[in-house]
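Line by line, the protein sequences give chains A and W.
When the letters of the first sequence are read in order and numbered with this note's numbering, they come out as residues 224 to 533.
When the letters of the second sequence are read in order and numbered with this note's numbering, they come out as residues 224 to 533.
Rather than coming from a laboratory, the hints here were simulated on the basis of the structure.
Keep in mind that the hints are not guaranteed to be accurate.
Pair ranges (Cβ atoms, derived) [as the list claims (entries may be wrong)]:
#1 E484/A with D469/W: 56 to 66 Å
#2 D372/A with R303/W: 29 to 39 Å
#3 K433/A with S533/W: 46 to 56 Å
#4 E241/A with A501/W: 32 to 42 Å
#5 T461/A with G251/W: 48 to 58 Å
#6 K433/A with H296/W: 20 to 30 Å
#7 G302/A with L520/W: 51 to 61 Å
#8 S533/W with G398/A: 51 to 61 Å
Glycine included, every Cβ here is placed at the ideal spot set by N, Cα and C.
2 protein chains.
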Amino acid sequence: MRHDLAQCLAGNDPLLIEVLEYALFGGGKRIRPLLAILSARICGCDDDAIYRLAAAFEYLHVATLIHDDVIDHAATRRGREAVGAKYGMAAAILAGDWLHARSMYLIGHLAGPEGLEVFCSATTAMVDGEFLQLRHVANPSVSSQQYFDVIERKTGRLISSTCEIGAIFAGATPGQREALRTYGARIGAAFQVIDDLLDYLGDQEATGKKTGNDFIEGKLTLPLIHTLGAASATDRSTISDCILGDRDDAAAYATICSMMEQYDGYATARKTAEELVAGGIGALDIFRDGCQEIYGLLRTLALYILSRNS
Amino acid sequence: MRHDLAQCLAGNDPLLIEVLEYALFGGGKRIRPLLAILSARICGCDDDAIYRLAAAFEYLHVATLIHDDVIDHAATRRGREAVGAKYGMAAAILAGDWLHARSMYLIGHLAGPEGLEVFCSATTAMVDGEFLQLRHVANPSVSSQQYFDVIERKTGRLISSTCEIGAIFAGATPGQREALRTYGARIGAAFQVIDDLLDYLGDQEATGKKTGNDFIEGKLTLPLIHTLGAASATDRSTISDCILGDRDDAAAYATICSMMEQYDGYATARKTAEELVAGGIGALDIFRDGCQEIYGLLRTLALYILSRNS
Chain A
224 MRHDLAQCLA GNDPLLIEVL EYALFGGGKR IRPLLAILSA RICGCDDDAI YRLAAAFEYL
284 HVATLIHDDV IDHAATRRGR EAVGAKYGMA AAILAGDWLH ARSMYLIGHL AGPEGLEVFC
344 SATTAMVDGE FLQLRHVANP SVSSQQYFDV IERKTGRLIS STCEIGAIFA GATPGQREAL
404 RTYGARIGAA FQVIDDLLDY LGDQEATGKK TGNDFIEGKL TLPLIHTLGA ASATDRSTIS
464 DCILGDRDDA AAYATICSMM EQYDGYATAR KTAEELVAGG IGALDIFRDG CQEIYGLLRT
524 LALYILSRNS
Chain W
224 MRHDLAQCLA GNDPLLIEVL EYALFGGGKR IRPLLAILSA RICGCDDDAI YRLAAAFEYL
284 HVATLIHDDV IDHAATRRGR EAVGAKYGMA AAILAGDWLH ARSMYLIGHL AGPEGLEVFC
344 SATTAMVDGE FLQLRHVANP SVSSQQYFDV IERKTGRLIS STCEIGAIFA GATPGQREAL
404 RTYGARIGAA FQVIDDLLDY LGDQEATGKK TGNDFIEGKL TLPLIHTLGA ASATDRSTIS
464 DCILGDRDDA AAYATICSMM EQYDGYATAR KTAEELVAGG IGALDIFRDG CQEIYGLLRT
524 LALYILSRNS
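Produce the complete structure using the sequences and hints provided.
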C-alpha cells in the first residue's frame, strides 16, 4: 500500500499526502486486503500485482470510514483523532473522495470492467444501506430481515466483492468465484453482527468506541431486535418506550441491556454470527482438497471474526 | 441521464432516489455531457451508448458540487436549496459518494481501462487542486502560475478528460485525442476564469451566488492577482492589508474592487479567458474540414463560455 501511495502521490499537495497517510496508516486490521490476496491465491494466482489490487479495498474502506466519521461528527477512530477532527471537514471529505477515485482506478486497471462492475455495485449498495439504516432509526418494529438487508449492503457487499474480485483477478472458474463471493458475504455479515454486539459488550479500551452508541443513535441491531421478538407484551412495550424516549438516559440503557440478557438477545446474535461463519467456511469446501494451506488461512480468518474484541 | 438513473436506481431506498433526482435535475448547464457527446461525434462515433457515457460526467460534476456545498456550508445552489441544506449532511455526503461510484462504473464499462485512467486521474487532481487552493488562502503573493495550477486541477482536468474520453470512446486517433484534450483544458481554464470574474461582476439574480464570496473566503483569483502585480507599492500594500484583514468588511471589498478597476484587473482576466478560448478553438483545426457542423458547435460552445452570465 505504501508503494502504491508513494507512486501516485508524487507531486501532490503536501497536506493531502499527510492526510492520506494519517488516514491509511492508523493501525486498521487490514482484513480486506488480506481477503483479496488469499482469494486470488486460492484460485491459483501468484501475480504480485495482487498487492496493489488489495490496497484498493483498504482505500475504499478507509474512504467510507472517513466520510462516516464526518457524518457522525466522530472525534476519534481507532483510539486516535478522527481525520475530520484532526484536519477539518473539508480535508476529510476531499481525502475520502481521493481514496474513492484511486480505489476505482486500481480495480478497473487490475481487475478489468467485470471487477469494476462488482466493486461499484458494492459501493453504491453501501450508500443505499446507509439510507436504509437511517429509514429504520428508532423503529421498534424493524425486523431481523430488515436488519440483514441493511448489513448486507453496508458491510457484506464490500467484503464479498473483495473476495470475488480477488477471484476475478486470478481468472477463477465461475464455481470458485461464486464460492468466494458467498464466503465473503457470510463472514461480512458475521463481522457486522459481532461489531454490533461489541457496541454493547465491548471493552472501550480495546474497541476505541463508547459502548451503547448504537442505542443512543436509535440503531436497532440484532440483540435488541431478537429481544423485541422474544419479549412478553409488557416487556416489549417497556423496550419500545426506551427506544422512542430519551435514549441518552442511562436508566433506559440499563433497562434494555437487562432485557437483552433476560431474553438471550446477546447469545442469539452470537449464535447467528457463528452460523454465518460456519456457512462461509462451508462455501469454501470446493477448495478443501486442492489448496489446504490457504483454505486453512481463510478458515482461521473467518473464525477470528468471532473471537475479535476490537 | 434519466434512463441510466431509472435503470440503476430500481430497488434502492426511496429517499436516496429522491436526493439523487433533486441533485441531478436542478437545472445545471449540462456542458460536460454535451462536450462528451460532441467530442465522440467529431471523431466519427454515432453509437447511442455515448449518452450513457455522457451522463457519467454530469454525475461526477454534481457529486463534487454536493460535497463542495457541504464543505462550504452553502445554503443554496443554482437558486434553490443546496442538497446538504435540504436533506442534511449525511444524505449529501452519501449521495455524492453514490454518484462518484456510478460515474466510475459507467466510464470503466463504456470507455475501458484507458478511459477510466484518464477519468480517475482527473478526479484525484480535483482533490489535489482543492488542497492547493486551501494552501494559497489569503496569501497576497500568490502568482498567476499558482492560480493556473489550481484551476487546471480543479476545473480544467475534468473538462479536458470529458473531451478526451469522448474521443477514446469513439476510437479516435492519437492526434484527435490530443486535440480534444487540449481544447477541453483551454476552455475549462477559461470557464473558471470567467466564473471567478462573475464572482466579482456577476448579477446575483442570474448566478444565484452572492458577489464577493471569493474575496471573503480569501481565494485570490486572476483579476486580483493581476492587480497586485500591476499596482504601485503603496496600492499593493493597501490591497495586502485588505486581504489579511477583516475580509467581511464592506469597505475593504470596495477598496479592492476599485483597485481592480484602476489596474485593469477585470479586463486583463477577461482577455486571458478570450485567449484561452481562442487557443482551445485553435486546437480543433484538424477537424475543421472534415466535420464542419460539429466543429461549429464546439466552437460555439467555447464562445458561449465567454458570454455566459451565470
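Taking the hints in turn, this is what the structure says about them:
Judged by the Cβ atoms, the range 56 to 66 Å given for E484/A and D469/W holds: they are separated by roughly 59 Å. A hinted range of 29 to 39 Å holds for the C-beta pair D372/A and R303/W, which are about 33 Å apart. Here the CB-CB span from K433/A to S533/W is close to 48 Å, well matched to the stated 46 to 56 Å. The supplied range of 32 to 42 Å is met by E241/A and A501/W, whose beta-carbon atoms lie about 40 Å from each other.
The beta-carbon spacing between T461/A and G251/W, approximately 51 Å, falls within the hinted interval of 48 to 58 Å. Range check, K433/A to H296/W: Cβ separation about 27 Å, and the 20 to 30 Å hint holds. The hint said 51 to 61 Å for the Cβ distance between G302/A and L520/W, and at roughly 57 Å that hint holds. Our hint of 51 to 61 Å for S533/W and G398/A holds, since their Cβ atoms are close to 57 Å apart.
Checked against the numbered hints given earlier, the structure satisfies every one of them.
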